[in-house]
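So the protein lines, in turn, are chains X and R.
Letter 275 of the first sequence, counting from 1, is numbered 514 in our numbering, and no numbers are missing.
Letter 254 of the second sequence, counting from 1, is numbered 493 in our numbering, and no numbers are missing.
Calculated from the structure, these hints are not laboratory results.
All clues stand as given, with none of them false.
Copies of the same chain look alike in the list, so a pair counts if it works inside one copy or between any two.
Derived EDC-like pairs: lysine to aspartate or glutamate, alpha-carbon spacing no greater than 20 Å straight-line: (1) K360 - D470; (2) K291 - D326; (3) K360 - D428; (4) K440 - E480; (5) K360 - E431; (6) K259 - D500; (7) K360 - D326; (8) K291 - D333; (9) K295 - E272; (10) K259 - E286; (11) K259 - D494.
For reference, the chains in residue letters:
Protein chains: 2
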Amino acid sequence: MPASPLTDLSRCAIHTMTNKPWTLGQCIDGYREAGIGAMSVWRNVLEPIGAKEAGKMLRAADMRVPALVRGGFFPAHDPGARAAALDVNRTCIDEAREIGAEMVVLVVGAVPGMAMAEARKQTADGIAAVLPHARAAGVKLAIEPLHPMYAADRSCINRMAEARTICEQLRDPFLGIAVDGYHVWWDPDLREEIMLAGEQKTLFAFHVCDWRVETRHPLNDRGLMGDGCIDLRTIRGWVEETGFRGCNEVEVFSDHYWAMDQTQYLQLIRQAYLRYV
Amino acid sequence: MPASPLTDLSRCAIHTMTNKPWTLGQCIDGYREAGIGAMSVWRNVLEPIGAKEAGKMLRAADMRVPALVRGGFFPAHDPGARAAALDVNRTCIDEAREIGAEMVVLVVGAVPGMAMAEARKQTADGIAAVLPHARAAGVKLAIEPLHPMYAADRSCINRMAEARTICEQLRDPFLGIAVDGYHVWWDPDLREEIMLAGEQKTLFAFHVCDWRVETRHPLNDRGLMGDGCIDLRTIRGWVEETGFRGCNEVEVFSDHYWAMDQTQYLQLIRQAYLRYV
Numbered sequence: 240m241p242a243s244p245l246t247d248l249s250r251c252a253i254h255t256m257t258n259k260p261w262t263l264g265q266c267i268d269g270y271r272e273a274g275i276g277a278m279s280v281w282r283n284v285l286e287p288i289g290a291k292e293a294g295k296m297l298r299a300a301d302m303r304v305p306a307l308v309r310g311g312f313f314p315a316h317d318p319g320a321r322a323a324a325l326d327v328n329r330t331c332i333d334e335a336r337e338i339g340a341e342m343v344v345l346v347v348g349a350v351p352g353m354a355m356a357e358a359r360k361q362t363a364d365g366i367a368a369v370l371p372h373a374r375a376a377g378v379k380l381a382i383e384p385l386h387p388m389y390a391a392d393r394s395c396i397n398r399m400a401e402a403r404t405i406c407e408q409l410r411d412p413f414l415g416i417a418v419d420g421y422h423v424w425w426d427p428d429l430r431e432e433i434m435l436a437g438e439q440k441t442l443f444a445f446h447v448c449d450w451r452v453e454t455r456h457p458l459n460d461r462g463l464m465g466d467g468c469i470d471l472r473t474i475r476g477w478v479e480e481t482g483f484r485g486c487n488e489v490e491v492f493s494d495h496y497w498a499m500d501q502t503q504y505l506q507l508i509r510q511a512y513l514r515y516v
Numbered sequence: 240m241p242a243s244p245l246t247d248l249s250r251c252a253i254h255t256m257t258n259k260p261w262t263l264g265q266c267i268d269g270y271r272e273a274g275i276g277a278m279s280v281w282r283n284v285l286e287p288i289g290a291k292e293a294g295k296m297l298r299a300a301d302m303r304v305p306a307l308v309r310g311g312f313f314p315a316h317d318p319g320a321r322a323a324a325l326d327v328n329r330t331c332i333d334e335a336r337e338i339g340a341e342m343v344v345l346v347v348g349a350v351p352g353m354a355m356a357e358a359r360k361q362t363a364d365g366i367a368a369v370l371p372h373a374r375a376a377g378v379k380l381a382i383e384p385l386h387p388m389y390a391a392d393r394s395c396i397n398r399m400a401e402a403r404t405i406c407e408q409l410r411d412p413f414l415g416i417a418v419d420g421y422h423v424w425w426d427p428d429l430r431e432e433i434m435l436a437g438e439q440k441t442l443f444a445f446h447v448c449d450w451r452v453e454t455r456h457p458l459n460d461r462g463l464m465g466d467g468c469i470d471l472r473t474i475r476g477w478v479e480e481t482g483f484r485g486c487n488e489v490e491v492f493s494d495h496y497w498a499m500d501q502t503q504y505l506q507l508i509r510q511a512y513l514r515y516v
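Excised from the complex, chain X in its bound form (with noise of 0.2 Å):
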């Protein structure tokens, strides 16, 4: 059953890479003019001021930080590469901290020609190692099923099945999924799943955004609400169900949208946020 419309932005958070020109200062700025008082930090904004700077900044907004993204990016041949990658992980936790995110987003990684199953064991192995440091942090950790078309380079966890594995594994209240519409919309047991993730309470994030017809460009030719042939009305219907009051985020990628300016490109998220999720 669809959920009924939204009739305010008190739930809605936007991803600083869906304003990809924009700092993180113009990001707080134009978020908060348009009336949208909750941000998820892509960690590229970071980088010019810091996480301290940005944290100060955005507690100064009053803005709520579902989400630090990304850390993840597990998988590698080379030990030392893996170990490497458990540093920045933890890195971006204490990052999050810093700024005050609930949650670092996971993106798993994946490597080429690596089988799938290996790729995926030393995911939930690093996943394992850099658990006691989001927990002694206070931040959780969401792991984020990429579509399939990820696979070979960027996720070897490309369904909710796969993560809620991982999550039962390690069961841990720190550890959960971070559900987005685009990556997982096709899967016939994509209802099952979020019904699972809320029973084990690892419904951790929603994110939203379309799935335009034709894809023209595998990365950045998502569609903005309304654009493409996702029922998010329909999954939002489902995440509430489990009892999920959490913030809809909307993560867009598009060299389109990107083009515009962005503020007027802000007017038609609020749209689109509003008829469409």
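Put chain R on the given structure of chain X with help from the hints.
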């Protein structure tokens, strides 16, 4: 366990679409000259000459024809369109019989925005409706699960599991599955599903090409075997573990390779087939 390397071309088949610039006649001559005795025929190369004439040419060249490609596209909002799709599929079956093809490959279709469960139901209904015609013609129907990247508009069946569900529902010796490495390599259940298809006698076909990293275009940027990350030899090992001894069908859609001299390209295909399949 990976299969032993192939030492000859005796089980190699090529899809005419792999050499898109060529007519049916050019494909037959080119493949013969390259020592390839099997080919799957796409409908576009039948159009200019008709199935009857095509059948004569293929028989005269003593070509084995694993498949006519492609039927399917069953789901539609309009009942009239669904009925028309059944007629098209019956025509495909007639053409397959005419050219001596063992099966019709089904790309089952999808309708942007239609609930996937509804599209799958209409697909099962459509297949059920044309199965008697296939049986009478002695032509098998092979459901080809397509990569989830095509779930919006080309196929609501994206994993072997979903194809199996329909096969189990309709249980008919003329209904099975075409396994294409490009579409299913990422699936964690792939080995298990191939074994199940073996047990259920539904493993009708095995298609090969490669997944390029990065993929530059969702449609026509497939790699030749060895260009990408798919461990085709391991997948062929699983396929052969079931007793499958049909053709290894080379099916590559690639703007890059279509721009080449097709005779030279055929030499690359031969090498890649022996080295990586």
